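J.: Chain residues, written in single-letter form:
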Amino acid sequence: MKRSSWRILLFAIMLGFVLALAACTSGGEKQADQDEKSAENGKKEEKSGEKVYSIEDFSVETTNEGEAIEGGHFKFGIVTDTAFEGQLNYNFYSGVPDSEIIKWFDDPLLSADEKHNYTQDGAATFEVDDSGKVFTFKIRDNVNWHDGKPVTAEDWLFAYEVIADPDYTGVRYGSDFTVIEGIEEYHNGEADSISGIEVVDEKTLKITYKEASPSLLSGGIWPYALPKHIFKDIPVAEMAESDVVRKNPIGFGPFKVDSITPGEAVVLTKNEDYWQGEPKLDKVTVKVVNPKTVVQALKTGEVDAVHEFPSDQYPDNAEMSNVEFLGNVDMAYTYIGFKLGTWDKEKKEVKPDPNKKMSDVNLRKAMWHAIDNNAVGEKFYNGLRWNATTLIPPSHPNFHDKDNPGVAYDPEKAKKILDDAGYKDTNGDGMRENSDGEELVINFASMSGGETAEPIANYYIQAWKNVGLNVQLLDGRLIEFNSFYDRIGQNGDDDPAIDIYQAAWSVGTDVDPAGLYGRDALFNFPRYANEENDKLLAEGVSEKAMDLKYRQKVYNEWQQLMVEEIPVIPTVYRAVLVPVNKRVINYSIQYNWGDFHEIAVTQEETEKAK
Amino acid sequence: MWKFIVRRLLITMPQIVLLSILVFIMAQLMPGDALSGLIDPNIDPAAIEEQREKLGLNDPWYVQYTDWVTSAIQGDLGQSFRFKMPVTELIGQRLVNTFWLGLATLIFTYIIAIPLGITSGRYNDTLRDQIITGYTYIGFATPLFIFALVMLWVFGYSLGWFPTGGSVEPGLEPGSFAYIMSKINHLLLPAISMALITTVNTVQYLRSEIIDTKQKDFVLTARAKGASEARVYRRHIFRNSLLPVAAYFGFEITGLIGGTIFIETIFSYPGMGLLFMESVLQRDYSVVTSVVLLFGIASILGALLSDIILSLVDPRIRIK
Numbered sequence: 265m266k267r268s269s270w271r272i273l274l275f276a277i278m279l280g281f282v283l284a285l286a287a288c289t290s291g292g293e294k295q296a297d298q299d300e301k302s303a304e305n306g307k308k309e310e311k312s313g314e315k316v317y318s319i320e321d322f323s324v325e326t327t328n329e330g331e332a333i334e335g336g337h338f339k340f341g342i343v344t345d346t347a348f349e350g351q352l353n354y355n356f357y358s359g360v361p362d363s364e365i366i367k368w369f370d371d372p373l374l375s376a377d378e379k380h381n382y383t384q385d386g387a388a389t390f391e392v393d394d395s396g397k398v399f400t401f402k403i404r405d406n407v408n409w410h411d412g413k414p415v416t417a418e419d420w421l422f423a424y425e426v427i428a429d430p431d432y433t434g435v436r437y438g439s440d441f442t443v444i445e446g447i448e449e450y451h452n453g454e455a456d457s458i459s460g461i462e463v464v465d466e467k468t469l470k471i472t473y474k475e476a477s478p479s480l481l482s483g484g485i486w487p488y489a490l491p492k493h494i495f496k497d498i499p500v501a502e503m504a505e506s507d508v509v510r511k512n513p514i515g516f517g518p519f520k521v522d523s524i525t526p527g528e529a530v531v532l533t534k535n536e537d538y539w540q541g542e543p544k545l546d547k548v549t550v551k552v553v554n555p556k557t558v559v560q561a562l563k564t565g566e567v568d569a570v571h572e573f574p575s576d577q578y579p580d581n582a583e584m585s586n587v588e589f590l591g592n593v594d595m596a597y598t599y600i601g602f603k604l605g606t607w608d609k610e611k612k613e614v615k616p617d618p619n620k621k622m623s624d625v626n627l628r629k630a631m632w633h634a635i636d637n638n639a640v641g642e643k644f645y646n647g648l649r650w651n652a653t654t655l656i657p658p659s660h661p662n663f664h665d666k667d668n669p670g671v672a673y674d675p676e677k678a679k680k681i682l683d684d685a686g687y688k689d690t691n692g693d694g695m696r697e698n699s700d701g702e703e704l705v706i707n708f709a710s711m712s713g714g715e716t717a718e719p720i721a722n723y724y725i726q727a728w729k730n731v732g733l734n735v736q737l738l739d740g741r742l743i744e745f746n747s748f749y750d751r752i753g754q755n756g757d758d759d760p761a762i763d764i765y766q767a768a769w770s771v772g773t774d775v776d777p778a779g780l781y782g783r784d785a786l787f788n789f790p791r792y793a794n795e796e797n798d799k800l801l802a803e804g805v806s807e808k809a810m811d812l813k814y815r816q817k818v819y820n821e822w823q824q825l826m827v828e829e830i831p832v833i834p835t836v837y838r839a840v841l842v843p844v845n846k847r848v849i850n851y852s853i854q855y856n857w858g859d860f861h862e863i864a865v866t867q868e869e870t871e872k873a874k
Numbered sequence: 012m013w014k015f016i017v018r019r020l021l022i023t024m025p026q027i028v029l030l031s032i033l034v035f036i037m038a039q040l041m042p043g044d045a046l047s048g049l050i051d052p053n054i055d056p057a058a059i060e061e062q063r064e065k066l067g068l069n070d071p072w073y074v075q076y077t078d079w080v081t082s083a084i085q086g087d088l089g090q091s092f093r094f095k096m097p098v099t100e101l102i103g104q105r106l107v108n109t110f111w112l113g114l115a116t117l118i119f120t121y122i123i124a125i126p127l128g129i130t131s132g133r134y135n136d137t138l139r140d141q142i143i144t145g146y147t148y149i150g151f152a153t154p155l156f157i158f159a160l161v162m163l164w165v166f167g168y169s170l171g172w173f174p175t176g177g178s179v180e181p182g183l184e185p186g187s188f189a190y191i192m193s194k195i196n197h198l199l200l201p202a203i204s205m206a207l208i209t210t211v212n213t214v215q216y217l218r219s220e221i222i223d224t225k226q227k228d229f230v231l232t233a234r235a236k237g238a239s240e241a242r243v244y245r246r247h248i249f250r251n252s253l254l255p256v257a258a259y260f261g262f263e264i265t266g267l268i269g270g271t272i273f274i275e276t277i278f279s280y281p282g283m284g285l286l287f288m289e290s291v292l293q294r295d296y297s298v299v300t301s302v303v304l305l306f307g308i309a310s311i312l313g314a315l316l317s318d319i320i321l322s323l324v325d326p327r328i329r330i331k
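If you're matching them up, the sequences are chains A and B in order. Here our numbering = 1-based position in the first sequence + 264. Here our numbering = 1-based position in the second sequence + 11.
Derived from the structure by calculation, the hints contain no laboratory data. What you are looking at is a predicted structure, and each value in this text was computed from that prediction instead of being measured. Among the clues, some could well be false.
Heads up, incomplete: computed chain A residues facing chain B, CB under 8 Å, no partners named [said to hold, decoys possible]:
{"no.": "1", "residue": "493"}
{"no.": "2", "residue": "494"}
{"no.": "3", "residue": "495"}
{"no.": "4", "residue": "549"}
{"no.": "5", "residue": "552"}
{"no.": "6", "residue": "554"}
{"no.": "7", "residue": "564"}
{"no.": "8", "residue": "565"}
{"no.": "9", "residue": "747"}
{"no.": "10", "residue": "783"}
{"no.": "11", "residue": "856"}
Which chain A residues face chain B? A few, computed with CB under 10 Å, are given here [to be verified]:
{"no.": "12", "residue": "359"}
{"no.": "13", "residue": "404"}
{"no.": "14", "residue": "523"}
{"no.": "15", "residue": "525"}
{"no.": "16", "residue": "557"}
{"no.": "17", "residue": "563"}
{"no.": "18", "residue": "736"}
{"no.": "19", "residue": "742"}
{"no.": "20", "residue": "746"}
Each residue gets a CB set at the ideal place from its N, CA and C atoms; glycine is no exception.
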């Protein structure tokens, strides 16, 4: 007995040692890790002196030359550190990984050009009547589901009926749908059918909208059909988990799903009956690739291309010999927002508060003048992000106002504006007080994530300090994603401690920014509202704005208004990079590109890095 | 003995209930929920709110907990929000992978531990022993997640001997010979990586036990009887030294659970560990609670298993 209790004690002591050792070592490891990282950063900074890339130097299409071989097996990687969800249908998916799989076997019925406008080249053509409210769609005769049954108007209507159904489990039912006549009655269970959608004949569908709007023509129409002959017997609430979504998904795209390894990979074979013509590839494998190992996967030829390459790994791999990097402007921007009010939960609209710390436009303007976003782009992102000027990114070439310079970096001007507006240092601590002589401390909320999050936040704080503004990181640290958006107000409960914050938006295909800056938009996190703004936003989606020139004018005015009012400072635009193996031809990352059947390869095996 | 097992299981029940409550509360304390990742101007906030209401995410935690428990007792662990499928089905998919990974790791652990432990104990304080002990110390000191990354880099990418992610080559017919071989092939590297680190405890244990047993009187008696050295080690020392190793088996299972979380994340191996990580990050509560509950049950059963094995190996131990 005695012995064994000794043994236990000994074990406990040993365990203690092991833990202590493990703790020491892992701590030490981390330290070393950090040292290594900062050493790496050092290297990068050295490099960045000479290596600054520009999006202009990237092509959006592969430039590889060569004779395509018959067939071939293309391997596509989805860069994510989680498994894909496996909701493999456009009407039910919610994650990006799933949509990157669906695009290989299903098509939208409407195609769009690189300016995000619908064209007549898709699986369906359309006509708009003179009022701009009634759309008549005609699905091409040769568009058939993978099981050989034709894609019908009935199938398209069915997609609308399912999404508007009260039992629908996804998040797609929103403003794209509520603009259709009679759909709200259907959603609320007051009507048995959607009065605004009519099946004219087998291949013709007519949709009546409540109002004419240019938004409808740039991504405002739900372009996906749902095969009624397959789904009709499944209750709507159970559709998303059914086998026809998870195990044997169906579409009418260039490839057919052959087999699925849940969470890992999908193998597809070509659909000879594809409406745009027989695909050149025989087989496509889509698999999940971890962002930590994506470089190796590309070098060893495990994948031919990935959906998106982590751009912070680009500078170290720019010379990878077996791939060509394609680049495009991302449909997104990063920004710094100013809290100008609160969210009124009752009225569901923004309540501006003129007594907020940041409500003086001069202060906001000075803060914009004080920061050098081009330097941020070059130093931290090697030029793969660059100074943003307005709130419509250049990914929308029709509407991004190239001639609007935004507010330029000019710290002297910033100081002058602050001086003139009465922000003076009255107590001699080197920091400005506000115009009433009270101490001014601005709380800055910034999200954690990535190596550069902290240095960038610190850079901004330093830049503001240089013009005499005392900006402090909220709580003295970066905030994790979920709590960040909770505190910014994704539920309407804004944290009053936050004065300014840094975040990013990805933007939709339609340029209309009402969902982000409208008076009734919950995502209007700055809680900014202004009558001129309301007017312009309404004007931008009005019937008159069906005329492109007029719409451009409205949005140019809106961009200018935002530059004057500065509810947020757009900081950087960003590039999206996609490496593609040199054996691949006819591949493109242009927005809305839909010619997957044209992709071909020039040799049987994926080229490996030298 | 049966009485003992039943009693142990009864004690286990409140432990599991307590565990599930703790897990549930902690999951609720995490900021954000399954829908907060969907901040996207293309998605109507009203639609998100509607889903939130439908899923009961706005209810207080005890209401959600009672709902969950009521259905869990009926064998329904709820619906994964993220995967939009029943949690039982989801876990079923993943559990198989983790089970094989765990089994392979255990096999490798003992394949490595037993010869090393015996050699090291039998020839203690020789060069051989020092090398083995040296390895165990390095093993103790190396964090699993760093070691696994190095293994992946060396054997997966640089040498290309093993696949670098996933549980099976996509596109093979399930059940076919190629499919099974591919599964085994995908298992090897993660299992060996984990075994090389987790085995060091067992090696050390076995070593000290053998050194201990070597000096006991019955060994002397055996030698005096004229038993050959090999027989002395095989029949007398080895058997008696296995006791603590067997006792450690249950803990080994607990350790495996912690290990799989790292290993599966690094090797993108879709098992329970990866599922757990993802679900925590994505706030998929129903999955998190279910997975933790299963982990908890596995640990408790592991400990029970240890006791039972112990009584089988050594009849002197009576469990009351």
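J.: Now tell me, hint by hint, if it's right for this structure.
T.: Outcome of the hint check:
no. : hint : verdict
1   : 493  : 22 Å, violated
2   : 494  : 18 Å, violated
3   : 495  : 15 Å, violated
4   : 549  : 5 Å, holds
5   : 552  : 6 Å, holds
6   : 554  : 5 Å, holds
7   : 564  : 6 Å, holds
8   : 565  : 10 Å, violated
9   : 747  : 4 Å, holds
10  : 783  : 14 Å, violated
11  : 856  : 14 Å, violated
12  : 359  : 8 Å, holds
13  : 404  : 27 Å, violated
14  : 523  : 6 Å, holds
15  : 525  : 5 Å, holds
16  : 557  : 6 Å, holds
17  : 563  : 8 Å, holds
18  : 736  : 21 Å, violated
19  : 742  : 14 Å, violated
20  : 746  : 3 Å, holds
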